[in-house]
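Undergrad: Spelled out, the chains give:
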Amino acid sequence: MAGKPKLYYFDGRGKMESVRWLLAAAGVEFEEELLETREQYEKLLQDGALMFQQVPMVEIDGMKLVQTRAILNYLAATHNLYGRDLKERALIDMYVEGTTDLMQLILMFPFLSAEDKEKQHALIVQKATNRYFPAYEKVLRDHGQDYLVGNQFSWADIHLFEAILMVEEKKCDVLSEFPQLQMFKARISNMPRIKKFLEPGSQRKPIPDDKYVETVRRVLQMYYNVKASV
Amino acid sequence: MPKVCCCLSSSQAIRSSLMAGKPKLYYFNGRGRMESVRWLLAAAGIEFVEEFLETREQYEKLLQDGALLFQQVPMVEIDGMKMVQTRAILGYIAAKHNLYGKNLKERALIDMYVEGTRDLMDLIRVHHKFSPEEQEKNLALINERATARYFPVYEKVLKDHGTEFLVGNQLTWADVQLIEAILMVEEKVSTILSKFPLLQDFKTRICNIPTIKKFLQPGSQRKPPPDESYVVTANRVFNRK
Numbered sequence: 001m002a003g004k005p006k007l008y009y010f011d012g013r014g015k016m017e018s019v020r021w022l023l024a025a026a027g028v029e030f031e032e033e034l035l036e037t038r039e040q041y042e043k044l045l046q047d048g049a050l051m052f053q054q055v056p057m058v059e060i061d062g063m064k065l066v067q068t069r070a071i072l073n074y075l076a077a078t079h080n081l082y083g084r085d086l087k088e089r090a091l092i093d094m095y096v097e098g099t100t101d102l103m104q105l106i107l108m109f110p111f112l113s114a115e116d117k118e119k120q121h122a123l124i125v126q127k128a129t130n131r132y133f134p135a136y137e138k139v140l141r142d143h144g145q146d147y148l149v150g151n152q153f154s155w156a157d158i159h160l161f162e163a164i165l166m167v168e169e170k171k172c173d174v175l176s177e178f179p180q181l182q183m184f185k186a187r188i189s190n191m192p193r194i195k196k197f198l199e200p201g202s203q204r205k206p207i208p209d210d211k212y213v214e215t216v217r218r219v220l221q222m223y224y225n226v227k228a229s230v
Numbered sequence: 001m002p003k004v005c006c007c008l009s010s011s012q013a014i015r016s017s018l019m020a021g022k023p024k025l026y027y028f029n030g031r032g033r034m035e036s037v038r039w040l041l042a043a044a045g046i047e048f049v050e051e052f053l054e055t056r057e058q059y060e061k062l063l064q065d066g067a068l069l070f071q072q073v074p075m076v077e078i079d080g081m082k083m084v085q086t087r088a089i090l091g092y093i094a095a096k097h098n099l100y101g102k103n104l105k106e107r108a109l110i111d112m113y114v115e116g117t118r119d120l121m122d123l124i125r126v127h128h129k130f131s132p133e134e135q136e137k138n139l140a141l142i143n144e145r146a147t148a149r150y151f152p153v154y155e156k157v158l159k160d161h162g163t164e165f166l167v168g169n170q171l172t173w174a175d176v177q178l179i180e181a182i183l184m185v186e187e188k189v190s191t192i193l194s195k196f197p198l199l200q201d202f203k204t205r206i207c208n209i210p211t212i213k214k215f216l217q218p219g220s221q222r223k224p225p226p227d228e229s230y231v232v233t234a235n236r237v238f239n240r241k
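As you go down the protein sequences, you meet chains A and B in turn. Just so you know, the numbering used here puts 109 at position 109 of the first sequence, and the rest follows in order with no gaps. Just so you know, the numbering used here puts 116 at position 116 of the second sequence, and the rest follows in order with no gaps.
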């Protein structure tokens, strides 16, 4: 029960990356079992370790948690990153749902055909600059505080920071019209645990490549024909 | 209009009447993503009002007023907030009305279960958008997922602890969302529960809870399955196709 959380996923970002970010920001050490073969996955299925036959799965506090949202909620709550009351939690939930929707566009990116990648790239940049970043820019501008919710660091800040970095990997100057977000990014980058997670050698995973796509397809026998979002 | 106490300033009075007011749901006159919110409010015995989007102009006004954080509906005005994002809305209602478990571990279980039912319901939510050929494939997928992935899990949960509800021996958001999912799948595959005796019992029990029984009766705010006019309205409001 006192052991480190253990993450079951591929050796890549996917849906598990937000979990790695949250654990790192909370200063929690974790282990990973990286899925490389179909057999590993089938063994997990046979052992009944995956409630809905899916990963991510995280062994923590005697539970085998599945469903990214459930995992993240639990970690945020247990590490005091989920606000002080129901209303702060409501704000955090709204904000992370927004960044989740944005990151979902990027999540499927490596699985797309070259032609669809071009479309998706444009969509990601458009949604980031017209829908999501303006919302967070306004939140920060309106209250003038360092963090999104309740004047204290929360899961919403970590998630937004992760989303910003991911979009910047697609368009490096995407924050050019968002001065508040630029300052936010600088502030969060300088937090010691975040700084550490950003350094080489951490458990942060790199941008997904063809090898990652091939591994996921081989292990899950799925995602052969993913289309760009409309 | 509620009576105004003479010792409050008028803006305080308006604020307090708003706070005490019913939640207001902004969405189409149809199920979509808002239906789970209607279910949860109904199960909790909370009266609510609805503003139905019928025209592009209504939607654009909401946008201009800055009422939609990410330019999207569902949106629910509740307790002085304009909440968006279905999960955020549901989480808030569940927590506020004691439907989110007694502790973090119960909440984790509820979260896992509602995410599972959400994935299943998402398959059905988009069904009407497909061509007849795609609908056939989707129906097979819904059937397969319900019977091989999701319902076995909930059947086992009920079997293992032998109590009436999924989590913590009391009604929670997980039960409400599961009953919604069961009824939705049954509309597509009427015999879907044939191999799940405990879920059949669960369905009977939950449907007999007074607030839920009331919601299932004609004249409630429960919406029917999507039809042609629902699709046409949504497309018009969002300038699609």
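The set of hints was computed from the structure by calculation and includes no laboratory data. Glycine residues also receive a C-beta, built at the ideal position from the N, C-alpha and C atoms. Hints should not be assumed to be uniformly reliable.
Partner residues aside, some chain B positions facing chain A, computed with beta carbon under 10 Å [unchecked claim]:
| no. | residue |
| --- | --- |
| 1 | F52 |
| 2 | A67 |
| 3 | F70 |
| 4 | Q72 |
| 5 | I78 |
| 6 | R87 |
| 7 | Y92 |
| 8 | L104 |
| 9 | V114 |
| 10 | D119 |
| 11 | L123 |
| 12 | I124 |
| 13 | R125 |
| 14 | A148 |
| 15 | K195 |
| 16 | L199 |
Undergrad: Hint B/Y92 vs chain A: min CB-CB distance below 10 Å?
TA: Nearest chain A Cβ about 4 Å off; hint holds.
Undergrad: Is the interface hint for B/R125 satisfied, with its Cβ closer than 10 Å to some Cβ of chain A?
TA: violated (15 Å)
Undergrad: Is the interface hint for B/K195 satisfied, with its Cβ closer than 10 Å to some Cβ of chain A?
TA: Since the shortest Cβ distance to chain A is 18 Å, the answer is violated.
Undergrad: For the hint on B/L199, just tell me whether its beta-carbon gets within less than 10 Å of chain A.
TA: Violated, about 16 Å.
Undergrad: Once the shortest beta carbon distance from B/F70 to chain A is found, is it less than 10 Å?
TA: With a minimum Cβ separation of about 5 Å from chain A (threshold 10 Å), the hint on B/F70 holds.
Undergrad: Quick one, is the B/L123 hint okay against chain A at 10 Å, beta carbons?
TA: violated (13 Å)
Undergrad: Holds or violated: is the Cβ of B/F52 closer than 10 Å to a Cβ in chain A?
TA: violated (23 Å)
Undergrad: Close enough to count: is the Cβ of B/A148 nearer than 10 Å to one in chain A?
TA: Holds: closest Cβ of chain A sits about 9 Å from B/A148, inside 10 Å.
Undergrad: Report holds or violated for the interface hint on B/L104, using the least CB-CB distance to chain A and a cut-off of 10 Å.
TA: holds (5 Å)
Undergrad: Next item in the hint list is B/I78. Is there a CB on chain A closer than 10 Å to its CB?
TA: Holds: closest Cβ of chain A sits about 9 Å from B/I78, inside 10 Å.
Undergrad: Per the CB criterion, is B/Q72 less than 10 Å away from chain A?
TA: Interface hint status for B/Q72: holds (8 Å vs cutoff 10 Å).
Undergrad: Take the shortest C-beta to C-beta distance between B/D119 and chain A; is it under 10 Å?
TA: holds (7 Å)
Hints 1, 2, 11, 12, 13, 15 and 16 from the earlier list are contradicted by this structure; the remaining hints agree with it.
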